[in-house]
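Colleague: As given, the protein sequences belong to chains Y and P, one line each in that order.
Residue 13 is where the first sequence starts when you use the working numbering, and the numbers rise one by one after that.
Residue 10 is where the second sequence starts when you use the working numbering, and the numbers rise one by one after that.
Because the hints were derived from the structure by calculation, they are not lab data.
Owing to the predicted nature of the structure, the values given are computational and were not obtained by experimental measurement.
Possibly wrong hints are sitting among the right ones.
For lysine-lysine, the following PhoX-like pairs were computed, each having C-alpha atoms within a straight-line distance of at most 20 Å [claimed, not checked]:
id, chain 1, residue 1, chain 2, residue 2
1, Y, K210, P, K82
2, P, K483, P, K427
3, P, K370, P, K401
4, P, K149, Y, K118
5, Y, K118, Y, K81
6, P, K149, Y, K123
7, P, K370, P, K427
8, P, K194, P, K21
9, P, K324, P, K401
10, Y, K103, Y, K149
11, Y, K122, P, K149
12, Y, K81, P, K149
13, P, K401, P, K483
Residues from chain Y that face chain P, not an exhaustive set, calculated with beta carbons under 10 Å [said to hold, decoys possible]:
id, residue
14, Y75
15, K81
16, K118
17, G120
18, E207
19, L208
The beta carbon of each residue, even a glycine, is placed where N, CA and C say it ideally should be.
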Amino acid sequence: MKTRGQSRTVRWVGGVVRKHVQRRVPFQLQPYAIHLVILILLSGVFSWSQSSGPTETQVKAAYLYNFGKFVTWQTDRVVTLDSLEICVLGKDPFGTVLDSTVAGDKIGGKKIIVRRLAKVEEANSCGILFIASPEQKRLGAILTAARHLDVLTVSDMPDFAEQGGMIGLITQGNRIRFEVNLDAAEQSHLALSSELLKVATRVIGKGAPGS
Amino acid sequence: MAIEYRQSISTKLTLMNMLVSGVALLLACAGFFAYDQITFRQGLERTISAQAQIIASNSVSALLFNDPQSASKTLSALGSSPNITSAGILTIDRRPFAQYTRETGDEVVNLPPLQTSEVELCKFGSGHVILVREILSDEKPIGFVYLQADLREIDQRLKRYALIAFSVLMISLLAAMLISSAFRKSVAQPIIRLAETAQSVSRERNYGVRVTPTREHNELAVLIDSFNDMLTQIQQRDNALQKAHDELEERVSERTRELESSNRELEAFSYSVSHDLRAPLDTMNGFSYVLWKNEAERLAETSKEALQNIRGAAKRMSQLIDDLLNLSRVTTSTIRREKIDLSEFARSIMEELFREAPDRKVEFVAPMSTRAFADSRLLRIVMDNLLRNAWKYTSHHDHARIEFGEASKNSQTVFFVKDDGSGFDPRSANRLFQPFQRLHSTAEFPGSGVGLATVRRIVQKHGGEVWAEGVVEKGATFYFTLGSGRNDSSGRTI
Numbered sequence: 013m014k015t016r017g018q019s020r021t022v023r024w025v026g027g028v029v030r031k032h033v034q035r036r037v038p039f040q041l042q043p044y045a046i047h048l049v050i051l052i053l054l055s056g057v058f059s060w061s062q063s064s065g066p067t068e069t070q071v072k073a074a075y076l077y078n079f080g081k082f083v084t085w086q087t088d089r090v091v092t093l094d095s096l097e098i099c100v101l102g103k104d105p106f107g108t109v110l111d112s113t114v115a116g117d118k119i120g121g122k123k124i125i126v127r128r129l130a131k132v133e134e135a136n137s138c139g140i141l142f143i144a145s146p147e148q149k150r151l152g153a154i155l156t157a158a159r160h161l162d163v164l165t166v167s168d169m170p171d172f173a174e175q176g177g178m179i180g181l182i183t184q185g186n187r188i189r190f191e192v193n194l195d196a197a198e199q200s201h202l203a204l205s206s207e208l209l210k211v212a213t214r215v216i217g218k219g220a221p222g223s
Numbered sequence: 010m011a012i013e014y015r016q017s018i019s020t021k022l023t024l025m026n027m028l029v030s031g032v033a034l035l036l037a038c039a040g041f042f043a044y045d046q047i048t049f050r051q052g053l054e055r056t057i058s059a060q061a062q063i064i065a066s067n068s069v070s071a072l073l074f075n076d077p078q079s080a081s082k083t084l085s086a087l088g089s090s091p092n093i094t095s096a097g098i099l100t101i102d103r104r105p106f107a108q109y110t111r112e113t114g115d116e117v118v119n120l121p122p123l124q125t126s127e128v129e130l131c132k133f134g135s136g137h138v139i140l141v142r143e144i145l146s147d148e149k150p151i152g153f154v155y156l157q158a159d160l161r162e163i164d165q166r167l168k169r170y171a172l173i174a175f176s177v178l179m180i181s182l183l184a185a186m187l188i189s190s191a192f193r194k195s196v197a198q199p200i201i202r203l204a205e206t207a208q209s210v211s212r213e214r215n216y217g218v219r220v221t222p223t224r225e226h227n228e229l230a231v232l233i234d235s236f237n238d239m240l241t242q243i244q245q246r247d248n249a250l251q252k253a254h255d256e257l258e259e260r261v262s263e264r265t266r267e268l269e270s271s272n273r274e275l276e277a278f279s280y281s282v283s284h285d286l287r288a289p290l291d292t293m294n295g296f297s298y299v300l301w302k303n304e305a306e307r308l309a310e311t312s313k314e315a316l317q318n319i320r321g322a323a324k325r326m327s328q329l330i331d332d333l334l335n336l337s338r339v340t341t342s343t344i345r346r347e348k349i350d351l352s353e354f355a356r357s358i359m360e361e362l363f364r365e366a367p368d369r370k371v372e373f374v375a376p377m378s379t380r381a382f383a384d385s386r387l388l389r390i391v392m393d394n395l396l397r398n399a400w401k402y403t404s405h406h407d408h409a410r411i412e413f414g415e416a417s418k419n420s421q422t423v424f425f426v427k428d429d430g431s432g433f434d435p436r437s438a439n440r441l442f443q444p445f446q447r448l449h450s451t452a453e454f455p456g457s458g459v460g461l462a463t464v465r466r467i468v469q470k471h472g473g474e475v476w477a478e479g480v481v482e483k484g485a486t487f488y489f490t491l492g493s494g495r496n497d498s499s500g501r502t503i
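Construct the complete structure from the given sequences, taking the supplied hints into account.
Modeller: The following block contains the structure:
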């Protein structure tokens with residue numbers, strides 16, 4: 013249909029995330045390098061000049077914070093609060109990273125507070141609830157409890173969205189991406205921005221485009 | 010010449026119209042184009058800015074969640090904007106995140122850096138414009154979007170404008186030509202008619218023509234009306250002048266006729282008087298001679314003296330009548346010019362005079378020959394009168410000198426007769442040539458007082474002049490010229 017000269021080319025350069033384990037575990041470097049080579053070949057242009065990219069934990073912490081920008085809470089409980097609480101349930105994988113990521117930042121004029129929870133019942137003032145991977149065995153109970161709290165549930169455990177979580181972080185290649193379960197969000201009266209859905213790798217639910 | 014006028018005035022009018030409309034149009038076009046350029050640039054900037062804003066807000070999530078593909082997809086929507094040549098999204102640390110180019114090679118090489126506190130920057134370069142905008146998420150910059158649009162449309166607009174301006178200019182020039190040719194009728198045509206009429210008036214002196222008045226009421230109409238009025242006045246004056254001239258001519262010829270007839274009568278009278286006076290004089294002369302011859306011895310001394318006086322008076326009267334006849338003849342006769350030698354005339358007259366009075370000691374000087382072109386008989390009378398005068402007025406001197414000659418004055422030949430006799434008072438010089446006017450008594454110098462009047466009349470008939478210079482007891486000089494002979498008065502001179 014189009015000749016080569018007229019064709020419009022869209023090229024993109026992906027930001028690259030290096031796994032923080034890279035330096036500590038040298039034997040994992042080799043398959044990772046193969047991935048890189050494949051990625052270079054596929055994308056054409058690849059920027060690998062950055063020697064120190066953000067770590068996986070940093071990216072996940074940023075994502076957790078950024079999700080808050082694309083979610084609208086409709087429950088009075090969260091809306092009336094003058095701060096947005098990001099709660100971490102279970103064993104905290106972020107350490108100080110999450111605190112430093114959100115320090116001083118605001119979402120929609122609300123201050124962001126990071127809280128660590130031991131039990132899901134403590135999450136009644138939370139806006140975003142990160143469920144640590146080790147909590148997978150109690151996931152059903154946690155999600156049931158969280159559903160009534162109208163809290164955005166996020167986790168990096170496998171198939172989180174599939175199991176009724178709202179946003180599940182996944183690793184694709186060397187990049188962190190996420191899946192969205194629209195039904196779950198809807199049940200908790202949360203409105204997820206189409207902007208968010210646009211960049212999700214998968215959207216689960218009846219209202220999902222292409223589901 | 011009239012054609013020249015027509016060309017020049019019409020061409021000037023047309024040129025003026027075309028120039029005015031052309032300049033106005035060009036200025037208007039330039040103004041419109043400048044306005045269009047400004048509004049186009051502003052519009053372009055607004056459009057690009059709006060596009061950048063849309064892209065910025067649509068790529069927040071892509072930037073936040075590190076999804077270049079989504080950003081590329083957002084950028085690829087720019088394919089519907091043909092003037093966007095390239096666009097891109099940069100991360101906050103200015104690393105390229107996603108890029109869009111319409112054609113290969115359209116990549117932006119140098120991005121103008123945004124100043125701090127600046128959200129958007131639009132920079133016009135040669136042939137393109139670059140707009141950079143910060144991408145904000147919750148008022149925090151998280152990246153940049155840039156758009157590059159080419160300004161080929163401006164060039165196209167310029168070309169279109171030039172084409173439109175050119176065609177409008179051509180059409181308006183044509184219209185200006187047509188309009189000026191229409192106006193030529195009302196402006197140029199009356200002027201041309203006026204000029205042509207003025208020319209014909211001055212050339213042919215025909216004051217009867219009139220300029221056709223225009224139907225309009227403007228300065229031209231006033232000019233034409235005034236010109237026509239002027240012509241009317243000139244014509245009236247011309248007619249009055251002609252009439253006066255004719256009347257004058259009529260009166261002059263009438264007077265001339267009257268004068269001529271009275272002159273003829275006078276001449277006839279004087280001639281007959283001279284003749285009729287002669288007869289009794291001759292009788293007196295004859296009988297007194299007889300008396301003198303036969304009875305002289307018997308008469309007493311006093312009677313003898315009385316008889317002598319009678320005879321002398323009769324002689325003088327006879328001379329006077331002769332002179333009068335001469336004068337009258339001079340008046341009536343016509344001039345027959347021929348080549349004559351005045352020196353010869355002078356010599357023969359002097360010889361005669363010497364014969365009459367051989368005792369006198371008079372030195373006579375004259376050139377060998379003095380050529381003149383004049384009436385021989387009349388000039389002899391002139392020479393005779395002048396030389397006899399000189400002879401007469403030197404008679405009281407023991408030794409006298411009489412000179413005849415010619416001189417040149419104002420490239421004119423002047424003849425003169427000079428003596429060293431008793432002369433005259435210069436104050437009475439103009440009385441000399443009046444008939445019967447004498448400066449000396451008859452007892453001192455006998456004479457009738459008609460001679461110099463005769464001389465003057467002859468000289469005047471020749472178209473010349475006569476005048477005299479003199480000092481008492483130092484002599485007198487009589488000068489005369491004879492004219493060229495080309496404009497001799499054939500008739501009588503009064």
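Colleague: For this structure, which hints from the list above don't hold up?
Modeller: none
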